[in-house]
Amino acid sequence: MSTHTERSREPAIRVQNIEKSYKELHVLKGVEFEVARGSIFALLGSNGAGKTTVVKILSTLLKADAGSASVNGFDVATQAGDVRESISLTGQFAAVDEVLTGRENLVLVARLRHLNNPGRIADDLLARFSLTEAGGRKAATYSGGMRRRLDIAMSLIGNPPVIFLDEPTTGLDPEARIEVWDAVKELAQGGTTVLLTTQYLDEAEQLADRIAILHQGRIIVNDTLAELRKLLPPAEIEYVEKQPSLEDVFFAVVGSDGAVGTSRTANGVGPSNTTSNDAAGADK
Amino acid sequence: MSKHFFGDTAVLTGRSLSHIMRSPDTIITTAVTPIALMLMFVYVFGGAIETGTSSYVNYLLPGILLITIASGIAYTAYRLFLDMQGGIFERFQSMPIARSAVLWGHVLTSLVANLVSIVIVVLVALLMGFRSGAGVLAWLAVAGLLVMFTLALTWLAVIAGLSAKTVDGASAFSYPLIFLPFVSSAFVPTETMPGPVRWFAENQPVTSIVDAIRDLLAQQPVGSDVWVALAWCVGILAIAFGVAMSTYRRKIS
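Residue numbers (full-length UniProt numbering), protein chains in the order written: chain A, 1 to 284; chain B, 1 to 253.
Bound conformation, chain B alone (with noise of 0.2 Å):
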């Protein structure tokens, strides 16, 4: 590690994140489509589902905000897809710079992009009438599970971002991503599902996160849950990281 990492790294982060605040559509774009989702799930459909809960909201943010994650870091792939396309990638590349701050830089502001774009999702969920009692180490875990899932989600998007070829390219990969909570306990509770369905849904990363966040939320005990979301998110996270890296490295060597 060169001794200049945190150093550039803060600074490229803080050239990205000065790019989304001077779009800040990016934001708003990744907020919406979820905040539609769970406006018409809530109004729409949430009379007809049976979840065994009372409120329809609390049942359904958990995956509402996965959504926001999964849309979000399609914006991060498409910023290291721009930078890669420009001559500025090359500039840095040739400066005495530690390289991988170049990635760091971009994973960072999408941690920072998609925790404001969840942060706005919240508020509008409670002005939906989202509640929870949860305590101050319930949200910490729910926090920490949701930063988890950006980074293992935002290197998935830095592997787009490095090996897409054109700009429709570098975002189409978040759809399947954003699709999968709708087969997962998300929105409606898996044992309404056929069997082949339900088994994916049950085995899938998003159910487990889902049921542990909202468990969380609703105070109730987590159990293993838990256990099984925080694995997902490693697991992903340290395959995710380790392709993105050596793709990196083939790229710039």
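Chain A on its own, in the form it takes in the complex (with noise of 0.2 Å):
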């Protein structure tokens, strides 16, 4: 019991000085960052930055030459199977088998988490992603969109208490991304821990209560976006006639059902939930 309850004062992820080459290549020179229970980190750094290489130690795929880390209390090199229990892991490229059926897929990880009522589970994951009435078809057909959300609901079975997604929007179209961001977002209202790699500061900003920046092997920035921002140099005021952005012109063609040019906030964002609606509808 005292153990469960300290495990559940530490963060849910302690990443100590960890180091790693590939062969003379030094990716990782001591990188250090811990991420609190039940809040999104994003870990931020251009291609080649480590990024991929940080979340394969920390999903025991990788052995790190130095350091330490620890993933939900548990070491990921001495208690690997531990971490394996707590986690899951959503890659770089949508780790869904495309043979099987949406439904078979989320059945299939069901089984290998050795839970009862896999059926089920993937009915209500099926529903919660808007993807019940493509669950009967081969993942090979679905959109980008489609996919990566059936590889997010896939690592939510079981609820692990700590997520990793590894560019989770890279190579998808405006609308699937928003479609992604509003899945990760209910995840963390759910209480997961959720570790998240982008190039994209935008996703950075809408989606992180922390960001950490990898750079050169090292982590360079790790605050809040509001102290992030105090970075930056004092805001100057000027007056710049707005051009509609290529997603702004987008958004307003693709619109929502019939209702082409209606108002879009100037970032292109918008309401997350109309559009969540709307990409769902296009994909049947």
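It cannot be assumed that every hint is accurate.
What the hints assert, rightly or not - Heads up, incomplete: computed chain A residues facing chain B, CB under 7 Å, no partners named:
hint	residue
1	Ser59
2	Leu61
3	Arg84
4	Asp97
5	Leu108
6	Ile237
Claimed, not checked - Which residues of chain B face chain A? A few of them, derived with a C-beta cut under 7 Å, are:
hint	residue
7	Val11
8	Arg15
9	His19
10	Pro24
11	Gly87
12	Glu90
13	Arg91
14	Gln93
15	Ser94
16	Ile97
17	Arg99
18	Leu115
Everything labelled a hint here was simulated from the structure, so no lab data went into it. Glycine is no exception: its CB is placed at the ideal position from the N, C-alpha and C atoms.
Now that you have both chains on their own, put them together as the hints suggest.
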């Protein structure tokens, strides 16, 4: 009992001085950070910065050369089995079985997590991710956004307390991206700790409670968005003619059912609920 | 061994079996080449081949079955390679499952798929006049040898699937295995071959396996062939299994 309470007081993820090299390439040179339980933590970095390497070490797919890391209170090197019980990984390339249907994919993961009632778990998740109608189709026929939604749904099975999302929106169109954002927000509301990697600043801005920037093998910044903003030079007021961005144009043309050109907020994100419904409708 | 080893293996075997059910062409193409070879050898070359037996299709079938298995396991390497390429492999590895179940799922699927191909080939051989008066025990012995041979080659295929860099590489390793029966007693008696070729043919695994199966089906005394055949299968299986497992461990650690 006492170990349980100790565990729940610990941060969900603790990374201490992790180093990793691939041959001569020294990718991680002492990475350190902590992720509080129930928060969304964004690891921001350019291509090749080592974000995926960090995720692979934390999900027990790779071993660090030096340093230590724990997930849900378990050491990733010595208690790998317990770590795997505590996590779900959604990789950079949607890890779904293309030959199986969406529903079969969910049932497969539920079985491998040794849960009772895999069929009901699958049906619940299909409904939650607006995939009920597509559930009987092969995953190969899904759009990029649907596939990623299925991927995230698979990660939720068994309610693991920690979820890793490695570049969850890379290669998705704007609508699908917002669908994924909504799914991630919903996750964190349910108390799940989310570590997501991204190369998009706006994605970190939209989702994360805390943002860390991984650059040249080290975490160079780790703070909340508000604090990060303070690092910037003070705002200057300029008057600029607002040209619609390509994203504004995209949403204006695609629009919500029949209402082409309805007002969208200037940053192109808008009320996310309507957007996700639209997108689900468009998939059918 | 993890407590979920058997359950996880069953689930993952079910998964890759359903892949095969949805593209049965892999079983059909596995069976087509050996059937074509059998047709050609029986109806084109067969008349000119002196085997000392009355029915050439009876003589030929054991070798054809080994060719069927050798081409069937190329798909095992291929399917494993595709899993390794896609994110699904990492998903499995990051889940609380028995880690070797991922391989065993493919191995058992390979066994089932190859047995189905073998049954298809045997049925065609029956249409072409293959007959055997062998009893249940002899048939069981034949089945046992074929299962051991399939397992041995399947674990070789696992090594190929784990270490291949390209799709072509994953299946190309099977070509030499498919041709091995040609330099054996599978199609013609080894006595007609020139010295060094004959020596190779008589001392490579296919000849002993083919001879053992042929004698079992023809109700002849099998002699030591069956033990030599079994020794080859077990030996290849043990080495391939060891190498495959250590390759796998290196891959996932």
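Hints and how they fare:
| no. | hint | in the structure |
| --- | --- | --- |
| 1 | Ser59 | 4 Å, holds |
| 2 | Leu61 | 6 Å, holds |
| 3 | Arg84 | 4 Å, holds |
| 4 | Asp97 | 6 Å, holds |
| 5 | Leu108 | 6 Å, holds |
| 6 | Ile237 | 46 Å, violated |
| 7 | Val11 | 5 Å, holds |
| 8 | Arg15 | 6 Å, holds |
| 9 | His19 | 5 Å, holds |
| 10 | Pro24 | 12 Å, violated |
| 11 | Gly87 | 3 Å, holds |
| 12 | Glu90 | 5 Å, holds |
| 13 | Arg91 | 4 Å, holds |
| 14 | Gln93 | 6 Å, holds |
| 15 | Ser94 | 4 Å, holds |
| 16 | Ile97 | 5 Å, holds |
| 17 | Arg99 | 10 Å, violated |
| 18 | Leu115 | 21 Å, violated |
In terms of the numbered hints stated before, the structure departs from hints 6, 10, 17, 18, listed from lowest to highest.
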